[in-house]
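Residue numbers (the numbering used here), protein chains in the order written: chain A, 1 to 519; chain B, 1 to 292.
One or more hints might be untrue.
As the list claims (entries may be wrong) - Covered by chain B, per the in silico footprint, the following chain A stretches (three or more residues, Cβ under 8 Å):
#1 82-93
#2 117-127
#3 470-483
To be verified - Subject to a maximum C-alpha distance of 25 Å in a straight line, what follows is the list of computed SDA-like cross-link-like pairs (lysine to any residue):
#4 B:290 / B:109
#5 B:290 / A:357
#6 B:290 / A:60
#7 A:387 / A:404
#8 B:290 / A:216
#9 B:290 / B:92
#10 A:206 / A:508
#11 A:387 / A:373
#12 B:290 / B:107
#13 B:290 / A:375
#14 A:206 / A:36
#15 B:290 / B:100
#16 B:290 / B:113
#17 A:387 / A:375
#18 B:290 / A:35
#19 B:290 / A:387
#20 A:206 / A:31
#21 A:206 / A:503
#22 B:290 / A:206
#23 A:206 / A:399
#24 A:206 / A:180
#25 B:290 / A:80
#26 A:206 / A:226
#27 A:206 / A:411
#28 B:290 / A:456
#29 B:290 / B:219
#30 A:206 / A:417
#31 B:290 / A:212
#32 B:290 / A:233
#33 B:290 / A:21
#34 A:206 / A:216
#35 B:290 / A:31
#36 B:290 / A:335
#37 A:206 / A:233
#38 B:290 / B:11
#39 B:290 / A:94
#40 B:290 / A:373
Worth flagging that the hints you see were computed from the coordinates, not collected in a lab.
The model shown is predicted, which means the values in this text are computed figures rather than measured ones.
C-beta: ideal position from N, C-alpha, C; glycine also.
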Amino acid sequence: MSAPATTATWAVRMSQVSKHFGSVQANRDVTLEVANGEIHALVGENGAGKSTLMHILSGLHTPSGGRVEVLGRDVTGWDTNEAIAAGVGMVHQHFMLVPTLTVAENLVLGREPRRGLQLDEARAVEDVRALAARTGLRVDPTRSVAELSVGEAQRVEILKVLYRGARILVLDEPTAVLSPPEVDELWTVLRGLRAQGDTIIIITHKLDEVVAISDTITVMRDGRSVSRLATADTTPRDIARAMVGRDVTLAHDFPANDLAARDVSSARAALEVRDLVVRGDRGTPVIEQLSFRVQPGEILGIAGVEGNGQTELLEVLAGLRRAHSGRVLLNGQEITSLDVRARADAGLSHIPEDRHRRGLVLDYSVSDNLLLGRQHHFTSRLGGLDKTRIERHAETQIRAFDIRPSDPTLPARALSGGNQQKIVIAREMGRSFTVLLAAQPTRGVDVGAIEFIHSQLRAARDSGKAVLLVSADLSEVLALADRIAVMYEGRFACVLPATECNAEILGPYMTGADREVVS
Amino acid sequence: MILLAFLLQTIRIAIPYLLAAAGGVMSERVGVIALGLEGMMLAGAFGAVLGSYYGGSAWIGLVCAMSAGILVALLLALCTLRFRANQVVVGIAINLLVIGATRFFLRLAFDSASNSPRVDGFGGEGSGLGVLASFSNPLVWLGLIALPALWWLLWRTPFGLRARAVGEKPEAAATLGVNVSALRLRGLLLCGVLASLGGAYLALDQHQFTDSMTAGRGFIALAAIIFGRWMPMRVAAACLLFAAAETLQIQLQGAQLVPSQFVELIPYVLTIVALAGVVGKSVPPAALGKVE
């Protein structure tokens, strides 16, 4: 695919493209060349400018400088409608679907088939069905989008751009929410589209995906394109180095976790859950009769597709949701009915899964965010907050956890995702605790921050803390955990030592396929 | 016969609710909170009287009423869509503004602080139709078909599909090339027209404009929207239910069985009950009130 190409064979050619938002330079002199009919991976850390570049390509942003060509035509500064008309379609990172509408309605929205004044619903359904059959993206057009699984919703997103006649597809982090079998299915679909002559640009920061699916790669760093590589001639290590600008330790460089070597099995459980039953918001059971123990010096990883009760489990453990029945014990002490603060004071730390919703107050300063939930330990004799101690505390934590920029007065909103997450990590791990609940600890953070956060979690484990790690990123669970449980429909489908696990073994448990095999 | 009289009076009372609620459903379905209904109705009532009085015809009154409603809707659109002001605050401000403005123009046009002179309205009293006289009023028919027509518009046309998408997830609609602001503007204008016609009915039915004559009817329409869960046909049923309660109260007034205030409470109590989720969860359009 790296053969020299004349202008006509480039599906997309962006040269010297720049884009700034106010004083923030998102793209500087970026070059992107994508050949017709190839799968091109656009990789880079968060904030490297990948999404901005693709928003320029799909007409959402106008570039501040440079030239954009699609199929040899200069299209610099076009709008979304022109991009769609020219066959450029973008599948966004966050689903852009209207949950209350049906699959067919979501697809035809904006270019509805009509019968007189009315919307021709029957034809919409028929068209969608035909398109689904032709592309192998199977989905029932009459179902409401709210009922779809994430994998199905993703298919609808791809169908949506294909319905608009897209021949150049841009997919922004398409696998973030998919289970391994769903990812494999996506790859099959993308290869099928490539075989039909479509061009695909896939934004990702997962190196194994780059290797699995792409023909060529463009690496971005700090808003610039730093290299263009042919996938066949490169290794994940080379790509990672190009992304970060230095050598990085990849997760699988660590030796497999060796539970026996540390002999934790005999120790008293730091966290114990007995016969836990939890009801969801609608009163339906979301966790059924769940029992498990986490030992000191152990990371228990919970893998699984999101929405199988992980969120509710964490909420119950953290004291944010009431259990219907069952008990939770922290170092042998019953904490089932304690509130959040009492649990924290008893030695429980919690990195919430959504740092914007639960982890931070974005408009508060870094210093205040480091204090959240701990303010009662920072009062002066008169009962007010002790400013001096708070400032000192903030400075210590910022240094210890390498939060950048190191200004404690900045609002948390002003920091990058990785540094925001470091604030949460610093608050929860920079104090005495015995059990850590770490939910999606590296979601949406860059490779450098992932490396740092992983090393913090390993250090906590090695110093005898018990860590319950919940992550939708299977490779993260595999890299960190000593034991791995797969959560499916409110139960543990399996609990295995990490040394016996890999994606192929865990995949079927994540989709409930293991049960079908049995029955 | 008593039943027929009850029914007819219920419909008469329901018409302003039905028209205003239809406008409100349209507005809220595209994602703009319909707190300004009261103001739109009042503007419509004043416009209707002004037009009828000086134009000499109820039809001219209707044109003036709709113009007034559109004017209020445009102001609302300017504040909420263009300047992205808080919709609750703007809604309340507009209601207060219209009360003041109508008072001002009442004095200017009719030299009175309380009411306008008598206007003819659509007549029908002398037509020999008896109790059925109100059916010679075109606004009655319009009121009765407004919500069914809105249902058709929202659930059977491309415009409706886009409108619902914009009220639920505007960013999704925008990525598909739907112009979100333009669509919201159209929804608001339609809301202004419908709500002002509700006010016009009120004024023409009473043959005059009196100060603040809508007396909270816009809020009752809003209550009906919530009680009817933003579904046009349910909202229509809610309007009729509230109107029936009001009719009952009027008819019982002679009997003095219950203090009338208790009957007046009914729409509000029902709304609170609906919001508390007693009759199933009431889920507003997801993007309601959010203009990013």
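- Contradicted hints - numbers only: 3, 4, 8, 12, 13, 15, 16, 18, 19, 22, 23, 27, 28, 31, 32, 35, 36, 38 and 40
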